[in-house]
Structure formats: structure tokens, C-alpha cells
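Novice: Just so you know, the sequences run in chain order G and P.
Heads up: the first sequence at position 244 corresponds to 244 in this note's numbering, and the numbers run straight through without jumps.
Heads up: the second sequence at position 126 corresponds to 126 in this note's numbering, and the numbers run straight through without jumps.
These aren't lab readings, by the way, just hints derived from the structure by calculation.
The beta carbon of each residue, even a glycine, is placed where N, CA and C say it ideally should be.
Among the clues, some could well be false.
[Claimed, not checked] Here chain P is said to cover these stretches of chain G; the calculated rule only asks that three of the stretch's residues, wherever they fall, bring their Cβ under 8 Å from a Cβ of chain P: (1) 454-462; (2) 651-660; (3) 712-719; (4) 772-780.
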Amino acid sequence: MTPLRTEKNLVKITTDHPHGVGTDAARPDGILKVRGEFAYSSDLWAEDMLWGTALRSPHARARIRSVDVSRALAVPGVHAVLTHEDLPGVKTYGLEIQDQPALAVDQVRHHGEPVALVAADHPETARRAAAAIAVDYEVLEPVCTEEQALDPERYGYVHAPGEYRGKASGNVLHRQRVVSGGGVTDEVRARADVVVRGTYEVGMQDQAFLGPESGLAVPAEDGGVDLYVATQWLHVDRRQMAPVLGLPEERVRITLAGVGGAFGGREDLSMQIHACLLALRTGRPVKVVYGREESFFGHVHRHPARLRYEHGATRDGRLVYVDARIVLDGGAYASSSPAVVGNAASLGVGPYVVPHVSMEALALYTNNPPCGAMRGFGAVQACFAYESQMDRLAAALGTDPVELRRLNAVEEGDALPTGQRIDSPAPVAELLRRVKALPLPPAAGADLREMPGALSNTTHGEGVVRGVGYGVGIKNVGFSEGFDDYSTARVRLEVVGGEPVALVHTAAAEVGQGGVTVHGQIARTELGVERVTIHPADTGVGSAGSTSASRQTYMTGGAVKMACEAVREELFARGRARHGWTHDDLSLAGGKVVSEAGGVLASVADLLGDDAIERTREHHHRPTQPFDPETGQGFGHVQYSFCAHRAVVDVDVELGLVKVVELAAAQDVGRAVNPGAVVGQIHGGSVQGLGLAVMEEVVTEGGRVRNPSFTDYLIPTLLDTPPQPVDVLELADPHAPYGLRGAGEAPTLSSTPAIVSAIRAATGLALRRVPVRPEHLTVRRPEEG
Amino acid sequence: MEFLRPETWDEALALKAEHPDAVPVAGGTDVMVELNFDRRRPPALLDLNRVAEAARWESDGAVVRLGAAVPYARIVSELGRELPGLALAARTVGSPQIRNRGTVGGNLGSASPAGDAHPPLLAAGRGVRVEAASVRGTRMVPVDDFYLGPKRSALEPDELVRAVHVPVAGGPQQFSKVGTRNAMVISVCSFALALHPADRTVGTGIGSAAPTPRRAAEAEAFLAGELAERGLWERGGELDEAVVRRFGELAAAAASPIDDVRGSADYRRHALAVMARRTLGWCWAGYTGLPERSAA
Ligand SMILES: Cc1cc2nc3c(=O)[nH]c(=O)nc-3n(C[C@H](O)[C@H](O)[C@H](O)COP(=O)(O)OP(=O)(O)OC[C@H]3O[C@@H](n4cnc5c(N)ncnc54)[C@H](O)[C@@H]3O)c2cc1C
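Please build the complete structure, drawing on both the sequences and the hints.
Specialist: The structure is reproduced here in C-alpha cells:
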């Protein structure tokens, strides 16, 4: 086989910068990416390869009476056409619950569900052949709304009772209650001087990563398959794929290909099983690349949510209770809905001390598109609601919304509604103080680009009103509820060309976040070498867990640190054995073993000679516990992460157009392993929250997606992206490697409510739904009152 | 698929006559999207990029003859004085890449109700003509007669848009477009306004709010009437608030918008009224030299 083009990445990501932990070390893949030379998974190529494509359901809910593939098979150039009958192993897969068919079995449960596969010698041939497959559907009324889902006897079961694999019953997929302080009783309610109630809605957001789902499956001589794919967690892909392919896991080998963004959207399988099935069937390499439209159907989205909240407080602003119900639309299949529910429930009151909580979060099965992981993971929806409530409460009390938040903010040592005490810094009040203390941006100048509508020339200042708003949020880091999401790292130290070189091998998915950068920094810091080579991520080494939950620097970074330490200890042991060193303060710097007292003792090159030292280590975070199903009590989360925002907006109140003028953030990251990358995460996360606030929504009607394109699913452009001053705090978490705190998600939470709060300040409208659309600010104000 | 590459208009017209199914390509910013989405599988493409004349414009001082394939970026940089409404609209089209490639000929060829070139062409006056050429000869189609339905135009299968003839602006022109983000956005609705002091008329154009781009004829007549009646063309002076408001109402009333994923019909009507009032304010300020009023 011709070499895969991804190997180019491997060569170029050999680093030789002397930058360690805490520096702005440059990304090893940065120059390639900026120059457009980085090979993404869609660039994979093999001699002799075929192209795979899927035929997808045009209906949200239908029975399949028959599938006739004969016309597709007759198309010249077609090598295989497969349906569920061709699946060699089990038919379903799933991250937590195996309820999703690899190919539809007798029914479809959502618009875009894959029904059949085609492999052909040209992508166009494959598409035309797929269109020639005749599927006879009996179209059924879809279950789309909460009301419908909760009355399955009347509207139907998304998964028939005999097939139901969820964690509750009916069309409820999972439910988690949290009750603390004895719950919210009449007696507790009576203690509140002020009560505010609100029902909020969050639309379905998409991860909108730029590199569509793609990969290349190559059949292997041992009857197995090698898959090169853009994904977030190699080992869990394999765990889900192998049973469907009817193969033992070790014969499914996965190598990470260049990933063009993920944000949770690659946590579930997309084309992995399909490409492998076609490759195994045809005996040829098979490439699958989604177009943008298929991508919208090929991955899960952020759960749309309806959130009903009631907050009670004393006259002086102290929270007495929160009573809330969060309903998340999980769509047709479970994906990671149970964990999303766990987050929404356990983090649902926000970073506040609340003596009495009664919370229920649930996810529904519906015939809407499946929803699952997306940056912020259940905490985003809750944050929009509880922060909106804090503003309403401040208004009801006549107090300053920032001061109200600071008064109720959690601190280290406080208990959350789950009973878990926060045992590392929680500078919520300080983060709020910092964003509030920043100078406000000046009024817009005469340049059209500074106006709402910008060059579309909708205003020269008419109708423009400025507003300022705040938000703060709390996000868990790492997998929770008793899950052991450990990471593995293998580090090898050897001498190449007279110089010590560290090779770092993990299965961590680099999805753009900069994992490859920090692994190099950690190896340089721990081993005192200049040169670090990052091995391509593959299943040839143990699991690194998922690139999600803000966890990779913490977990795989921690594993790299442990493996480096083990290599270093072995090196020192050899030195002691060979040279009889007795110093107890050995360290590595500049390729030498040094001691304070003894100075330079030996060079690493001399110590190692032709030998190599290789160590593999697993990094497990401290154990957590599942939440009690009825009370939600339990030490459920590994670590918490906090971010606060101040948004300044200009709203054209007559046209309902919004220009975010500035979006300031303050976040505690424990330790900024790479300060530049941390600021990048905060900028990116904040802008994703901006998108949810004012434009991003997958619109469905009767379960059918109406805007599966970047023409109508809008994401922020440069002109929508404001200046973003960022204040980074580094208050070490004693439980974490280097004291670091996962940073990637927290900024996505609070930017949305901060922006909406600013729009409310400018318009005086209640705005209970995101994204806020121009018509909500002008002609249609359904949520008023 | 055949790829036809004429070097001159004569060759292009001959090829189009021979291959009426051939799809012309100028910037390709609509055609390539359709091909990529498999919405269209033409037997042949007729590439106009080698026809040098298509990318030229000329002016005799009264009328600009704009070659069909002059890209938006050049309209912005070269024709801001002669065709200010079209230049403003061109500035709102897509992204820099799209403005470098996309053309008015292509916008007319697509005849989408959301095309941003249409409202300013409608507003620019009765003299605007589409030069539709074929081997049978050349027709000068008044722009008002060009748009027949959603993505349907008066062009015959063997015809190409060779140029558009647009009178040089004799008064202020404005264009305003609502989209749900601040750049690179397809119009939710748009409005163009031009004042024509020479013949004391008013021109308007509405985009994305009816099956075709259309003028707001009543609004035009109303405003022209008010300006004439009150002698405002001659003496300038402030516009009456009630006139501005009525103009907005009539502009909105001329639309027949639908609810779709980009916006609701109600919002479109509302936004048209606002844009009509504001563009009138700006045009009037431009005409009288009075400052723009910041209350619309
Ligand atoms: C990302 C993106 C953003 C966009 N944003 C906007 C926007 O903001 N506003 C907007 O109005 N449009 C927008 N468009 C659409 C498109 O750019 C415009 O319609 C543009 O004017 C098309 O011009 P073109 O030269 O690229 O046309 P082409 O794609 O080459 O052709 C378009 C149509 O016209 C026909 N055609 C081309 N030239 C002639 C001719 N001389 N005679 C007869 N028929 C001809 C073609 O056959 C085809 O049917 C956008 C497109 C993209 C891809």
C-alpha cells in the first residue's frame, strides 16, 4: 500500500524547542495547519481504494417495508451494497447504551438515519447508486415534543417496550434527581421573601467542526481491519465497532488521522463501522468522507432543553432554595444522554450555595436528531437558565446582579447540592469581581463594521442601544459518577545523533486543542531534553480516554508526566549503579544529569549509549461515586472549573440585530501549562457560546432538519467575534498534575447567558430562549410576561 | 460533461445556440454549489471566463454598460460613484472570496429572490436594461420585466446576459440588508432606494420578501408625489415624520413574504418598513446635505 499521507504530520511534529511546562511553546502542527498543508482525515488516500457512502432516511419515523438494492448493484463501478442483513455481528452500538443500529433494522427513528451502504470506484458513482436503492417506507407520525414523548400510549414509543434499553421507561431515557437540605418543602418556600420563576429554552446547537467526518478503512491480512479516522476516543470507537464487525477487538486497529475539530461531535461513531464493513466485504481500502449536509446528519448535536426554574431568596439576597426541572431532548438514540443528564442535574443550580434544592433532570427519547456530547455537556443548558434566574432575582430585589452572584458564590470548602465539598480553589466571587472591574469599551465609532448589521448597512446609529450583562458557570472536569477514565502514556528515551530524544506515545486524540504541544512540553520539563517526538495516536498503546470533558491535559498530560518520571528514575538508577552516585537531588537539564552539590554528573547520551529506556504508565484520577438515583447525593465529580464573563452588546432594537462589542472572561485554570493555548480555549469556547446566544440552531420541523448547511446554520464570522480580554488565574488544585484545572469547556457556559443578559439590558425584554433571533426582539415576543 | 470554453461573445453565443442545455459559468459561486449538491447534472458547462469583454464595463457619462462577468469586488472599488446602490449591495455579498468571483450576470442568471444585485437594479430607474444576446440578435429587457418567478427569468434558452445597462446615478442611492449575522449572510430581506432628481422619480427594490425581487411601486409614487407637492425637490428641507413613516408602511405592504428558516413573514415586513425609513433618511440627507437624523 502507498504510504498514508498522514505520515507527513508525524515527521513534522518532531519538536526541538526547549520550551517546557508553563511556556507558550509553539504547536508542532501549527505551521502545517496555517499553511494549509496539514493532512486531515479527508485527505487520506490509498492506491486501489473505493468510496463508501450511506443512504439515509428522509423521514423522522417510518417502518421499512422493503429495501431493494438490485438497481444499485447493477450500476457499473459498484462493488458492494449492504443493508443490516449484511452485518456480521450484533446490529447495535452505543457509547453507554447499545440502542443504535449500525444500519436501520425494519424501521427508522430519525431523519438521516443510515439505511444502506454502497462502495464504488468513484464517490459520484456511489452516490448515484445509493439513490437507486428503493426503500419502501410506511411513514409514521413522529414523536417530537415533550408532551408527545411523555404520553407514549397515545403518541407511540420511540423504542418499543420490548426493545427499550434506556435507564428509565417509556420514552424517558434517563432521569436524575438531586435533593438537598431536605428538598423544597412548603416550609422552605415560606422562608423566601422573594421568589422568581421562569421557563427557559435552549435550541439545538451543532458542533459545526470544519473537517467533516471521514476516514479510510484498510482490510488486513489477518482478517481484521485498520482504520484511519478523525475521532475523539480511539479505544471506545473500537469497543463499539468490534462486536458489530464480528471481530475480536485486537483485530480492529485504529490510528488517528488529522482531526478538523470535534467539540463532542466525534464522540459517537459516524462512518467507522460503515467504512470497515465495506472494506471487509470488498477486500479493498474504503474511504468515506461526508459532505457538509451529511455531516449534519452524521453526528449528535447539543440537547435542546426546556428548563423550569424557581428561585427563592431572602430580602438581603441570600438564596434559600432552587426548585428546577430540566428536560433534555435526547433524540432517537441514547448516545451520552445519561451523563449529560447527570451533569445538568448535579451542576444545575450553578456555582452557588443553595441550602435547599429539589432538582430533576431527564432526557427523552424522541424522533428528533440524536443528541449527545457537545462542549459544556449538560452544563451549558443549565447555565443559561440559572444565570437568567440570577438576573431576574437581582431585578426583583433591586440589587446589582454581580453583587448578588458574589454574595451567593461557592468557595473552597462549600458543599454542592450533591453533598460533594469543593476541595480545591473555587474563586467564583473573585472571577466576577475581575470581569466587572475591567474598563468598559468605548461607544461605537462611525465605521459601519462596528454597528449591528455591519456592512449590510442597516443602521448608521439609529435604534442602537448598548447593554452590559454578566454570567458565571461551573463545569466538571473528567468523567464522573464512578467512571474510571484513565489515560495511558508510553515514553521512550534514546539517543539519536548524539542527542537524547523522547518519544511520547499515547492514544490521545489531538482534535486541535493542543495535546501534542503540552505532551512535548511535559516531556521536556520532566526529562530535560530538547527534542520530543510525538508518536501518532493509535490503539497500539493503551487507552487515553476521550478528548472531551476538559480532561486531556489533566489525564493524558498526567500520564505522560508519570511515564517520564518512571523513565527518569530508571535513568538515575542506572547512573547510581554505574557511577555510585549518592546524591539525593538528581535532576535532568540540558541533556545532563545534574545535582546541586555535585554539579553535572553525566550526560544522558553517555548514560544511555545505544540503549533505550521505555516506560508505560496509566494515570487514574481519584475515584468518584455514582449519584444516588433519588437524591443525587455522592462524590460524583473529579474537579470543577469556573469561568465568568462580561458581555457588552449593541442592539439595533428596531431591527433586532445584535453586535457583541466585547466579551471579557476571567477563568481559573489552576496552572496554565501553555498560557497561549489556554487563552485560545477561552476565546474559542466563548465564541461558541456567542453562537448559541445569537445565531446557532439546528431547526427541525416534525423531526426533519430544515437547515443542514452552513448557508442556514450560521456560526460566528470574524465580524461577529468581538475583542475578548481574558484574565487567567492560576490557583493550583492539589489533586491535579501541576495543579492544573481542565479549561476547555467552562468558557462555553457563561458566555451565552452573559450575552443574553446584555441584550435584555438593552431591550428590556425577558428573552427566555436561545438563540435570540431578530424577530424575538421585534415582532414576536412569545415569552414575554 | 462537456466543458465549452469560448474566447469571444460570438463564439459563446454560437455554442449556446448549439447547446441550449449548456449551463453558463461566470464566477461559479452558484453553479458549483448546485453541482456539488447534485441538484443539477448539466450535459455541458459554458465557461465565460475567457470572454474578455464580459469582464469590462464602460460608461458614456449617462449609462454604465456593465459586462455580465465583472466581479462584485470590482464594482465596489470601481463603480462606487456611478452606481452607488449596486456598489453598496455588492459590498454585502458573501465573503471576499465570493466577491472576487461572483458577478451580476450570475446573480441575474440565478434570478434568486435573495440575490443582492436585484433590488438596486430595480431602484436605479426605468432605464435599467438587461442586454440579452443570442445568435438571433440582442434584446434589451427592461429589468422590471426580467424576473418572472423564483429562479425564473425572461432569458430564453439560447440567450446569455451580455451586459446590464444602468443609468449613472443622478441622486443618492442606498441599500440595506438584514441577515442574522454580521457578515457572509444571505439576505433575510433587503431594500434599495434611489432618488432620481432629474425626472423627479423615486426608485425602490425589495429583496427576499416575495417570489421575485420587486419594486414597491406605491411607495415610490407616494414619495415622489409628496416631494413634488411640497416642493421638496427644489427647496430641500426636513422630511415630515409622517411621510417617512408612510413610506415605510407602503414599502412593507408591497412585499409578500413567507415564513421560512431564515425569518418570519411578519419580521420581514417589519424590517422592510424600518429599512425603508432609514434608507430614506440617509438618501434625503445625501440629497439635501442636511445631517442624517439618528431617529428613524
Ligand atoms: C458562500 C456564498 C455566499 C453567497 N452570498 C451571497 C450574497 O450575500 N448575496 C447574493 O446575492 N448571492 C450570494 N451568493 C450567491 C452567488 O455568489 C451570487 O448569486 C453571484 O452573483 C453568482 O455569480 P457567479 O458569477 O458566481 O454565477 P455563476 O455561479 O457562474 O452562475 C449563476 C447562474 O447564472 C448563470 N449565468 C452566469 N453567467 C451568465 C450569463 N452571462 N448569462 C446567462 N446566465 C449566466 C449560470 O448558468 C447559473 O445558472 C453566495 C454564494 C456563496 C457560495
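Novice: What hint numbers does the structure not satisfy?
Specialist: The structure breaks none of the hints.
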